[in-house]
Each structure stands twice: as C-alpha cells, then as structure tokens.
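Residues per chain are reported as follows:
There are 2 protein chains.
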Amino acid sequence: MPLTVGVIGGGQLARMMIPAAVALGIDLRVFAENEGSSAGLAATQVGDYTDAEQVLAFAAGVDVITFDHEHVPQDVLAALVAAGVQVHPGPAPLAVAQDKLVMRERLAAIGLPVPDWARIESSAQLQAFLDEHGGAGVVKTPKGGYDGKGVRVVRSADAVDDWFADHGVLLVEELVEFRRELAQMVARRPSGEIGVWPVVESVQRDGVCAEVIAPAPGTAGRLADVAADIAITVAESLGVTGVLAVELFETTDDRLLINELAMRPHNTGHWTIDGARTSQFEQHLRAVLDLPLGGTGCHKEWSVMVNVLGGPVGATMTDRYPIALADQPTVKMHSYNKDSRPGRKVGHVTAIGDDLDEVAYQARAAAAIFE
Amino acid sequence: MPLTVGVIGGGQLARMMIPAAVALGIDLRVFAENEGSSAGLAATQVGDYTDAEQVLAFAAGVDVITFDHEHVPQDVLAALVAAGVQVHPGPAPLAVAQDKLVMRERLAAIGLPVPDWARIESSAQLQAFLDEHGGAGVVKTPKGGYDGKGVRVVRSADAVDDWFADHGVLLVEELVEFRRELAQMVARRPSGEIGVWPVVESVQRDGVCAEVIAPAPGTAGRLADVAADIAITVAESLGVTGVLAVELFETTDDRLLINELAMRPHNTGHWTIDGARTSQFEQHLRAVLDLPLGGTGCHKEWSVMVNVLGGPVGATMTDRYPIALADQPTVKMHSYNKDSRPGRKVGHVTAIGDDLDEVAYQARAAAAIFE
Chain A
1 MPLTVGVIGG
11 GQLARMMIPA
21 AVALGIDLRV
31 FAENEGSSAG
41 LAATQVGDYT
51 DAEQVLAFAA
61 GVDVITFDHE
71 HVPQDVLAAL
81 VAAGVQVHPG
91 PAPLAVAQDK
101 LVMRERLAAI
111 GLPVPDWARI
121 ESSAQLQAFL
131 DEHGGAGVVK
141 TPKGGYDGKG
151 VRVVRSADAV
161 DDWFADHGVL
171 LVEELVEFRR
181 ELAQMVARRP
191 SGEIGVWPVV
201 ESVQRDGVCA
211 EVIAPAPGTA
221 GRLADVAADI
231 AITVAESLGV
241 TGVLAVELFE
251 TTDDRLLINE
261 LAMRPHNTGH
271 WTIDGARTSQ
281 FEQHLRAVLD
291 LPLGGTGCHK
301 EWSVMVNVLG
311 GPVGATMTDR
321 YPIALADQPT
331 VKMHSYNKDS
341 RPGRKVGHVT
351 AIGDDLDEVA
361 YQARAAAAIF
371 E
Chain B
1 MPLTVGVIGG
11 GQLARMMIPA
21 AVALGIDLRV
31 FAENEGSSAG
41 LAATQVGDYT
51 DAEQVLAFAA
61 GVDVITFDHE
71 HVPQDVLAAL
81 VAAGVQVHPG
91 PAPLAVAQDK
101 LVMRERLAAI
111 GLPVPDWARI
121 ESSAQLQAFL
131 DEHGGAGVVK
141 TPKGGYDGKG
151 VRVVRSADAV
161 DDWFADHGVL
171 LVEELVEFRR
181 ELAQMVARRP
191 SGEIGVWPVV
201 ESVQRDGVCA
211 EVIAPAPGTA
221 GRLADVAADI
231 AITVAESLGV
241 TGVLAVELFE
251 TTDDRLLINE
261 LAMRPHNTGH
271 WTIDGARTSQ
281 FEQHLRAVLD
291 LPLGGTGCHK
301 EWSVMVNVLG
311 GPVGATMTDR
321 YPIALADQPT
331 VKMHSYNKDS
341 RPGRKVGHVT
351 AIGDDLDEVA
361 YQARAAAAIF
371 E
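Line by line, the protein sequences are chains A and B. In terms of this note's numbering, the first sequence opens at residue 1 and continues consecutively. In terms of this note's numbering, the second sequence opens at residue 1 and continues consecutively.
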C-alpha cells in the first residue's frame, strides 16, 4: 500500500503538494470545497469540511489528515481524533492558529516576543489602548482574517464599531515601527525532528505578500539564529507538526516580534520549490507522515519569489507564456489554474542565482508580464 | 481555457510530466493502457493506443498529443494528423524511432557517425558481416526492443535463427569498442528553437541504464560540442519535436557514434528534475506546445542519478523511506508507484553537489537501500 495523505482544502497549497507527492510516490487525496478547485487533479471528494460525517468518510483509509488551510472546526478535528485518525497539525496547535487572541495569549505565556496587545470588547477599551500607544493601533478580528482582511490600522476608538457588533471581542496590537517583515519557516515531525530553512524577507503590498527574498539580506549570524530559535520554540511549545511559518517584524530598534503564525505551507516558503533542496510541500508531506526530513540548503545564494496578482478578469497566466517564457527563460513559472481577478493570487514566479540584483530583476520582470 | 496536453501511454515518463504540468498550470491528460498505471493520477481514458477510434476520441479538445513511448502505430498517427490534431513528435520522425533499420538508414544518409551496420535476412548474411568485423556483432530486432530486450551480442551465425523466423529482417552492427556510453539530450520546438543540456555519462548494467553522471566527466570543450552538434543535427534533420535523447558510444579511438535515439523524455535525463533549471519533462511540455524553451543550466556542478531496480516482489520504495530518507536527507527520491519485481525500474534517486565523489556516493547509497 502506498503512503496516503488526505488534505482538507483544495486551494493552491494543496495543489503544490501534488508534485511532491508524485515524486515521492505518495497517494495524495484532496477534500475540495468545490469542483474545479486549484487542487482538483487530486480531489477524491468534494464537500463541506465543516461536516464531520463527510470529513470522516474522506479520512477512511488515509495514513494522515493534513490541511490546505486552518479553518476546519474543532468539533470536526475532535471527531477525526476520536476515530483514531492521525491529524497533523493536531487540534491543539490549530486552536492557537484559529484564534488570534488565543495565539497572543499562548505566545505571551511562553515568553516569546510579541507586539503589545490587548483583548478589547468596547470602543472605550480600544481608546484606553490607543491612549497608551501613541494614539494608533492595529485591530484584528480573532478569526477568519487573511491577506490583509480582518486587519485595520486605527487612530480613533470608533473605527471598528462594526466589528464589535459582529465579533464581540477583538484583538488590538501596537502599531510596530518595523524596518521590514521577515518570515521563518520550519517543519516538525511528530517524533520531534525539526528542519529549518533560512529566514526570508517578505515584502508586503496592501497587506498582501508581494515578494520574498531568500535568505533575507543581511541576516547571516545573530538575526538568523534568533529567528530560527523563535520558530523552533513556537513549534515545540505548541506541538506543531508539519510546516510552520512565523511572520516576524524586524523593529527599528533591532528586535524580532512575532506578527502571525501559519501552521501549513505558506506563501513565504514558495521559493523553496525551486530554490531549496527540499520544498516546503515535500517537507510538509514528510513531516505529517513522520518520515525523516529533507535537507534545507539552497541551490544558489539567492532566491526571489514574486506573487502574480490577478490581471484582467477571465485571463489566465498561461495566455502570457509566449512572452514571459521567452523573456525570462530561467525563471520558474507557477500557475494555480485560477481565473484572474484584480488582486487575486493566481500564481508566482521564482528566480534563483548568485547575484541578488539580477535574480530580483528577473523575477519582477517575469511577474510584471502577467499583470 | 488552460493549455491541454494529451499523453499516450501511462508509464513513468507520463507520470513525471505531471509535476511540470501542475507547476505550469497545464491540463495534462493521459491515455493509459490500464487502470492503476504509473501516471494514473492524470489518466482521463484507459484503452488501446493501437485503436485509432479510441485515440481520436481522447485527442478531442487537447492542444497537442505527445507520447510516453514510441509504439503508437503509424496508421493511428496518420488518423490524428488527418483529423487536424497537433502531434509532437510527428509521424515522420517517429517512423525513424520505431524501426532501427530505418533509423540506421536515415542517420547514415544524413552523414552522422554510426557503427558499421547491415540489414540481414539470413544467417549467411550475418556470417558475412561477422567475417568482416572480427567475428562478433550486435544483432537487434528492428522493432519493439528496449532496456536490453531485442539486442544480442553474437559470435556465431546461428545465434539469432529464432529471430529470423519471427522478424524476417534484422539489424546487425559492429561490436563497438567503447570507453563509455554518453547521452545527449536536446529539446526542439516546432518553430525551430532548440535547448541543449550538457552531455552525460550513462553507466549500463545488463543492458539497462544503471546510473547517469551529469555532465559526463571530462567532456567540457570539444567532446561536449561534438555531442551537442550530433543531437542538434538529428533533431533538425529528422524534424523531431519535443525532447530527443541520443545515446552515444565514446569509442576507444575518441570518436562518438550514435547508438540509439529516443524521441521522448529519457532515463538519461531524469537528473534534470533536480539538477537543472528546466527538467526534461517541463521542457518537453514547453516544446510540444511550441512555447519558448527554458534554461538548461545546472544548479550544482554535478548531478548523479541512480535507478532503483526492483527489490522483493510486492515491496514498494516507500517501505524503505524511514531508513533511506534518514540516511540521505539531501538525495531526492522518486518512486514510480510500481510494485517491485527483480530488475524492474521502480524509481530513481538523484544527488547534486559540487564534489562528484560525494554526490555519487550519496546517490548510490540511497539507491542501495531500496534494493
């Protein structure tokens, strides 16, 4: 019997697990939300991941269940565990990833560096926080945010009244003065082994990851060690299995603060497909199957990944291949087989090489052709 | 509409096109011989590739038809072309690949370097050839041979009487005194662009490719140029589209002679998946779609690929992953999801790096764990 991994969610992260599964000879099965999903090639079931019965049926016969996203409800996760299904990451770490208030509480309890934060239930509490933090803050809905959604920079106490009405409880954080954003990815097996990629720089635009430079320039030495230590501590303290991404602020006063966590392959790790010995997708499969992890060294000194954000409605990346592939023959193109909408992530490109300026130019030039 | 490629044949070559197709967002559809084929994940039809009606039905709606093997009969290819289907490689070059006598005739007519050869229909003709070539020769059946099958080294004229009975006509070649075997892979688009990977050394054991070293040691300069020129001339003269492998003898008197041709991704190109900017599978898809070709540079100085030949019946490569992945964390493992039989190619492993001894050790050690 081949090793079998079930993935809940049919987005591009599940899609990008397919090549790794094919190479390793792993039977990858995807539980997709709808027909025609990005990972549709591997979909064996289409349904509602909040329905425990459907998810249990999907899980029959797989060696492990893992995820394309962190939104599977705790009662469904509990039903899987009760049925004896291996689930990685497990319900406990996922509970931390699913609620930003829980995350802040747990990270603070562990003693990890986080921005100042507070749990708020009223505009009065928000005002008090703003008063203590120079009149500005970042308010986040505890659940359901991604790619800049569910996040607002606020400078007045009434700026999130609608969210109080919808969510009741919110998270507010200090507006961190940061030099740049970094991300540290690690993978952890249930039996404990941890693999660490180099820390990367993540360039955000409008709250969305636009570009990743690996490794983050100037991070050899102390900064890389601190970033790795933080991510390893998160993985071990929370019992994360599979791939973990820790988004970090590098502050203007030279500290690293944890911004967000993602317990799955992550946009800031896409460069590993073309730039590292072991991609985050292969490593995730190895980790959730509790197989030995792969080397995390890089092919070249630099990798630069640029997201392709949707162009004209109805167009696809492949329409532009005749131009893009000719213009940048060494850049690796990745299309998620999604129809374009302005701002939608429809793919990414990665360039690798030993000259950062050249590599960045190539990746940006290729991405620009698709936009 | 995504770009759509139809592949006839569901073996490991079709299987290894899947990761490249997923990355590029190409809709890959496989016409497999049977359920549970190596490329089953992408199979949209199971049937008989010698039946023109079935193949035409499969071809409806694809942008191009290409192949996992060279055995599709000419009448089926003609039916595809007559129906307006793009077929790459086309019927004319495939006719050369399908018949070793035709191949020798065409290559000789082009003036390319080939071993001495003759078309023989009787043991008397074989005896005459042996008399002229030191009493030894290599007899090949014109059709259907692979991995050492359909090939016999002969030293007496009655050694292939059974084949005369079955095939009527045979090919005999001189027994070339060679230092080693090389292979040159190129890719060619219908519109003419050609991509060239470095020439590699192919180590054969019992007529089967056991190991490939890329590039072939000591080939920088003249030898590499001659090998590339030969393959480019073959591709252009025969009108090959897609990937072409030219197997070569490096003779003890420093000549390169063409041994075999394969008009498809080839075992001697598997190293490109992990070792080159553009794998032979991605390049084949780009070429048959007449898209611009990718760069053929290498990640590291050396890549070594070792085939995994089947171990105990019923075992799979993945059974040994706990040992193999721990022992060789930087070696890339590829399983074709085939049940083992002694001697059957069930997968391969590739190591890359800048120290050939180390890279070769890693790849051989990893492969040995599976055998």
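Rather than coming from a laboratory, the hints here were simulated on the basis of the structure. It cannot be assumed that every hint is accurate.
If several chains are the same, the list does not tell them apart, and a pair holds so long as it fits within one copy or across any two.
[As the list claims (entries may be wrong)] Listed below are the simulated EDC-like cross-link pairs for lysine to aspartate or glutamate, each with C-alpha atoms no more than 20 Å apart in a straight line:
#, residue 1, residue 2
1, Lys149, Asp75
2, Lys300, Glu201
3, Lys143, Asp355
4, Lys300, Glu53
5, Lys338, Asp27
6, Lys345, Glu121
7, Lys300, Asp354
Results for each hint:
no.	hint	verdict
1	Lys149 - Asp75	neither (25 Å within a copy, 58 Å between copies)
2	Lys300 - Glu201	within (16 Å within a copy, 25 Å between copies)
3	Lys143 - Asp355	neither (41 Å within a copy, 50 Å between copies)
4	Lys300 - Glu53	neither (47 Å within a copy, 49 Å between copies)
5	Lys338 - Asp27	between (24 Å within a copy, 12 Å between copies)
6	Lys345 - Glu121	neither (33 Å within a copy, 64 Å between copies)
7	Lys300 - Asp354	both (6 Å within a copy, 12 Å between copies)
This entry does not satisfy hints 1, 3, 4 and 6, going by the numbered hints stated previously.
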